[in-house]
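Undergrad: If you want the building blocks of each chain, they are given just below.
There are 2 protein chains.
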Amino acid sequence: LFLLGTGVVGGTLLKIIKDQASKLFERQLFNLQVCGIANIESMLIRPDGIELNNWQKTLEKKGLNIDLDSYCQQAMDLNLKHSVFIDCTASDQTSEWYPRFLKAGIHVVTPNKKANTQEMAVYKKLHKSASSRGVKFRYETNVGAGLPVIQTIQDLISAGDNIHKIEGILSGTLSYIFNNYTSKDSFSAIVKNARDKGYTEPDPREDLNGMDVARKILILSREMGWELNITDVDVENLSPVESMKAKNIENYFELLQKYDDQMRDRIGKIEKSGNRLRYIARAEGGKLSAGLKEVDSEHPFYGLQGSDNIVAIYSDYYPIPLVIRGAGAGAEVTAAGVFADILKTISG
Amino acid sequence: LFLLGTGVVGGTLLKIIKDQASKLFERQLFNLQVCGIANIESMLIRPDGIELNNWQKTLEKKGLNIDLDSYCQQAMDLNLKHSVFIDCTASDQTSEWYPRFLKAGIHVVTPNKKANTQEMAVYKKLHKSASSRGVKFRYETNVGAGLPVIQTIQDLISAGDNIHKIEGILSGTLSYIFNNYTSKDSFSAIVKNARDKGYTEPDPREDLNGMDVARKILILSREMGWELNITDVDVENLSPVESMKAKNIENYFELLQKYDDQMRDRIGKIEKSGNRLRYIARAEGGKLSAGLKEVDSEHPFYGLQGSDNIVAIYSDYYPIPLVIRGAGAGAEVTAAGVFADILKTISG
Numbered sequence: 001l002f003l004l005g006t007g008v009v010g011g012t013l014l015k016i017i018k019d020q021a022s023k024l025f026e027r028q029l030f031n032l033q034v035c036g037i038a039n040i041e042s043m044l045i046r047p048d049g050i051e052l053n054n055w056q057k058t059l060e061k062k063g064l065n066i067d068l069d070s071y072c073q074q075a076m077d078l079n080l081k082h083s084v085f086i087d088c089t090a091s092d093q094t095s096e097w098y099p100r101f102l103k104a105g106i107h108v109v110t111p112n113k114k115a116n117t118q119e120m121a122v123y124k125k126l127h128k129s130a131s132s133r134g135v136k137f138r139y140e141t142n143v144g145a146g147l148p149v150i151q152t153i154q155d156l157i158s159a160g161d162n163i164h165k166i167e168g169i170l171s172g173t174l175s176y177i178f179n180n181y182t183s184k185d186s187f188s189a190i191v192k193n194a195r196d197k198g199y200t201e202p203d204p205r206e207d208l209n210g211m212d213v214a215r216k217i218l219i220l221s222r223e224m225g226w227e228l229n230i231t232d233v234d235v236e237n238l239s240p241v242e243s244m245k246a247k248n249i250e251n252y253f254e255l256l257q258k259y260d261d262q263m264r265d266r267i268g269k270i271e272k273s274g275n276r277l278r279y280i281a282r283a284e285g286g287k288l289s290a291g292l293k294e295v296d297s298e299h300p301f302y303g304l305q306g307s308d309n310i311v312a313i314y315s316d317y318y319p320i321p322l323v324i325r326g327a328g329a330g331a332e333v334t335a336a337g338v339f340a341d342i343l344k345t346i347s348g
Numbered sequence: 349l350f351l352l353g354t355g356v357v358g359g360t361l362l363k364i365i366k367d368q369a370s371k372l373f374e375r376q377l378f379n380l381q382v383c384g385i386a387n388i389e390s391m392l393i394r395p396d397g398i399e400l401n402n403w404q405k406t407l408e409k410k411g412l413n414i415d416l417d418s419y420c421q422q423a424m425d426l427n428l429k430h431s432v433f434i435d436c437t438a439s440d441q442t443s444e445w446y447p448r449f450l451k452a453g454i455h456v457v458t459p460n461k462k463a464n465t466q467e468m469a470v471y472k473k474l475h476k477s478a479s480s481r482g483v484k485f486r487y488e489t490n491v492g493a494g495l496p497v498i499q500t501i502q503d504l505i506s507a508g509d510n511i512h513k514i515e516g517i518l519s520g521t522l523s524y525i526f527n528n529y530t531s532k533d534s535f536s537a538i539v540k541n542a543r544d545k546g547y548t549e550p551d552p553r554e555d556l557n558g559m560d561v562a563r564k565i566l567i568l569s570r571e572m573g574w575e576l577n578i579t580d581v582d583v584e585n586l587s588p589v590e591s592m593k594a595k596n597i598e599n600y601f602e603l604l605q606k607y608d609d610q611m612r613d614r615i616g617k618i619e620k621s622g623n624r625l626r627y628i629a630r631a632e633g634g635k636l637s638a639g640l641k642e643v644d645s646e647h648p649f650y651g652l653q654g655s656d657n658i659v660a661i662y663s664d665y666y667p668i669p670l671v672i673r674g675a676g677a678g679a680e681v682t683a684a685g686v687f688a689d690i691l692k693t694i695s696g
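So the protein sequences, as listed, match chains C and Y. Per the working numbering, the first sequence runs over residues 1 to 348. Per the working numbering, the second sequence runs over residues 349 to 696.
For reference, chain C alone in the conformation it holds in the complex:
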């Protein structure tokens, strides 16, 4: 295994590998070895495996200054059997390396969405690099973290199912906000509260602009063979236009407050009808959208709580939808999902 990125997900993944590798070895299944660790500062390659009990110290003391190209090239040049490259960064530079890895027979596992949201032509080339060589490119954690969303769609499609519609609440932040927002609250206060609880990005505009959700529904639609790009998603930005220019977060919240009354009117009307407001991503009839939608009590998203993600798949086989729900973000569930992808890759 060659890991890039040792942040919350990469770090938790190393913990899981350390704990599970010995069990897999005892059961004579695999001998997992982490042969490379790199982050934004340093890189370390050890063909015989890196001792994971104190990789931080080893990386600090023995690591070289990071050079992404050199790290990737070394991983390839070593030409070790059953190599897996694991990209736990949010960078878009790394995805340029994926086709090269795949062509060299190195599997790629990643929670990073960049490669799968690239321009369609590049995306197709990448996926062809994997499938034509029997090399694996796995990215279950691109959508819903550890929830089995992508594999389920792939399984249905490969068994000849015809998916009519996919709907999802694909942002933990927007899930939390609309599971809690009522006409008694001010919208800006709910957003502030979500930020204080650590549910949002440091700059909540990155959640409220809906682009992360748009990228996720694009990825799911591409699993169905739809040839669309990110610019084809009709996205509702929940931050008012002028707030995009806000100098700082305080200033942003002041601007957001101006829209509290408008939002209160909207939620008030919906409450009266007994319905609820949800930020929903949708793929249907060849069109992709992400935005606020009203749902009634019969809808599978009506009773959502906390900051859960939820996905509903409507198809020939599942006219009443197949629904998957649970935490869709967080270091543990994401790292566990990446680890499951690694095991599926090497157990092949």
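Please keep in mind that the hints were generated in silico from the structure rather than gathered at the bench. Predicted model only: the values in this text are computed from it and were never measured. It cannot be assumed that every hint is accurate.
[To be verified] Pairs of lysine-lysine residues, derived as BS3-like cross-links and limited to a Cα-Cα distance of at most 25 Å, are as follows:
| id | chain 1 | residue 1 | chain 2 | residue 2 |
| --- | --- | --- | --- | --- |
| 1 | Y | 513 | C | 15 |
| 2 | Y | 476 | C | 23 |
| 3 | Y | 606 | Y | 641 |
| 4 | Y | 371 | C | 124 |
| 5 | C | 165 | Y | 363 |
| 6 | Y | 451 | C | 23 |
| 7 | Y | 606 | Y | 617 |
| 8 | Y | 429 | C | 136 |
| 9 | C | 23 | Y | 473 |
| 10 | Y | 484 | C | 81 |
| 11 | C | 23 | Y | 472 |
| 12 | Y | 513 | C | 23 |
| 13 | Y | 484 | C | 23 |
| 14 | Y | 371 | C | 136 |
| 15 | Y | 371 | C | 125 |
| 16 | C | 165 | Y | 371 |
| 17 | Y | 410 | Y | 366 |
| 18 | Y | 371 | C | 128 |
| 19 | Y | 484 | Y | 451 |
| 20 | C | 125 | C | 114 |
| 21 | Y | 484 | C | 136 |
[Claimed, not checked] Stretch-level coverage of chain Y by chain C, calculated; a stretch enters the list once three of its residues show a Cβ under 8 Å from a Cβ in chain C:
| id | region |
| --- | --- |
| 22 | 359 to 369 |
| 23 | 373 to 383 |
| 24 | 498 to 504 |
| 25 | 507 to 519 |
| 26 | 677 to 688 |
Ideal Cβ positions, reconstructed from N, Cα and C, are used throughout, including at glycine.
Position chain Y against the provided structure of chain C, taking the given hints into account.
TA: Relative to chain C, chain Y alone:
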């Protein structure tokens, strides 16, 4: 592929294979060939593959009288590369062959629950036959048909998660009955209605005795490493004791009617408190149970509709449960699940 059983699931599976094999071949992924088809009457083996456009006629005309041992032995003797044996029967004789197939390097895929509910010692031996040889034994459709329940549990366990509790509504029949039963109805009439709609077995006692649900929660608990047997499941039988002796179905429903008032009292009290009644399988604290439980509006099973199955997994990684919901029975979803298992087996 060697198929045993051409009933609703096996027959639908052959339809899916016929439609999908050419697509997989065009994409240069696999060349799927069905080299054996057998059912309760006939068997046919063709090492070069059976033409699937009219397998029924070929089997009828060219097939030999069924001899299970001879069919299985021939599948082994042919010694074809990447052989997969698919058991779409409900028989318990076939599972005796699984360890022999696995030892011979033949993968086994099945929706049949018999092998996985055998005595613990036999179960362990069977699973060891697979894991120690890197041969696959896949049975995702044992629980919830095509819903990704077993794989999800396996993924969590292998990533070091600690599952505290699994709860499920694992019978489409019992789901339908309790999603529809209110104090305005008589319980026996609801059961009759479910039978008329084709939701129950021809003899509804087979659904109402809870044993099918008990087998499913046993299988899930064994995925967590619990070493329990079917006799360890505390099962509530919904048919009154004396009805087990009923001579025929009419007589059974007469006996069931006697308990309508008692059941109406029970559901009436629960309705008043705002709760609902569900037939729930549960694995928690080393104990397995299947029976009627009251759930409040916060419970993930409260809003269940139709005849859906639902499973909730509570763990260290998912303190708020991971929930999977959808059709848990039916020819199409089961056959699609079996097909997905076949693809995962051979794409390894």
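Undergrad: So, for every hint listed, does it hold in this structure?
TA: The hints, checked one at a time:
For the hint linking residue 513 of chain Y to residue 15 of chain C, the alpha-carbon distance of about 24 Å falls within 25 Å, and the restraint holds. Between the alpha carbons of residue 476 of chain Y and residue 23 of chain C the distance comes to roughly 15 Å, so the proposed pair stays at or under 25 Å and holds. Restraint check for residue 606 of chain Y and residue 641 of chain Y: the C-alpha separation of about 22 Å stays at or below 25 Å, so the hint holds. For the proposed pair residue 371 of chain Y and residue 124 of chain C, the alpha carbon gap of about 17 Å is at most 25 Å, so the pair holds.
Taking the CA atoms of residue 165 of chain C and residue 363 of chain Y, the gap is about 24 Å. The hint holds against a cut of 25 Å. Of the pairs offered as hints, the one joining residue 451 of chain Y and residue 23 of chain C holds, with about 23 Å between alpha carbons and a cut-off of 25 Å not exceeded. In summary, the hint linking residue 606 of chain Y to residue 617 of chain Y is supported, as the alpha carbons are separated by about 19 Å, within the 25 Å threshold. Note on residue 429 of chain Y and residue 136 of chain C: the hinted pairing holds, with a Cα-Cα distance of about 22 Å set against a maximum of 25 Å.
For a cut-off of 25 Å, the pair hint linking residue 23 of chain C to residue 473 of chain Y stands: about 19 Å separates their Cα positions. For the hint pairing residue 484 of chain Y with residue 81 of chain C, the CA-to-CA distance comes to about 22 Å; that is within 25 Å, so the pair holds. In summary, the hint linking residue 23 of chain C to residue 472 of chain Y is supported, as the alpha carbons are separated by about 17 Å, within the 25 Å threshold. Our distance criterion of 25 Å between C-alpha atoms is met by residue 513 of chain Y and residue 23 of chain C, whose separation comes to about 23 Å.
Proximity of residue 484 of chain Y to residue 23 of chain C is assessed by CA-CA distance (about 19 Å); at most 25 Å being required, the pair is judged to hold. Restraint check for residue 371 of chain Y and residue 136 of chain C: satisfied, since their Cα atoms lie roughly 19 Å apart, inside the 25 Å limit. Of the pairs offered as hints, the one joining residue 371 of chain Y and residue 125 of chain C holds, with about 19 Å between alpha carbons and a cut-off of 25 Å not exceeded. For the suggested pair residue 165 of chain C and residue 371 of chain Y, the alpha carbons sit about 23 Å apart, so the restraint of at most 25 Å is met.
About 20 Å separates the Cα atoms of residue 410 of chain Y and residue 366 of chain Y, which keeps this hinted pair within 25 Å; it holds. Taking the CA atoms of residue 371 of chain Y and residue 128 of chain C, the gap is near 15 Å; set against the 25 Å cutoff, the hint holds. Only pairs whose Cα atoms come within 25 Å are accepted, and residue 484 of chain Y paired with residue 451 of chain Y is accepted, the gap being roughly 11 Å. Proposed proximity of residue 125 of chain C and residue 114 of chain C is supported: the alpha carbons are some 15 Å apart, at most 25 Å.
For the hint pairing residue 484 of chain Y with residue 136 of chain C, the CA-to-CA distance comes to about 18 Å; that is within 25 Å, so the pair holds. For a cut-off of 8 Å, the count of residues in the region 359 to 369 of chain Y with a CB near a CB of chain C stands at 3, and the three-residue condition holds. Under a criterion of three residues with beta carbons nearer than 8 Å to beta carbons of chain C, the stated coverage of the region 373 to 383 of chain Y is upheld, 3 such residues being counted. Counting residues of the region 498 to 504 of chain Y whose CB falls under 8 Å from any CB of chain C gives 4; the rule of at least 3 is met.
Counting residues of the region 507 to 519 of chain Y whose CB falls under 8 Å from any CB of chain C gives 3; the rule of at least 3 is met. Residues of the region 677 to 688 of chain Y lying with their CB closer than 8 Å to a CB of chain C number 7, which satisfies the three-residue condition for coverage.
In summary, this structure violates none of the numbered hints.
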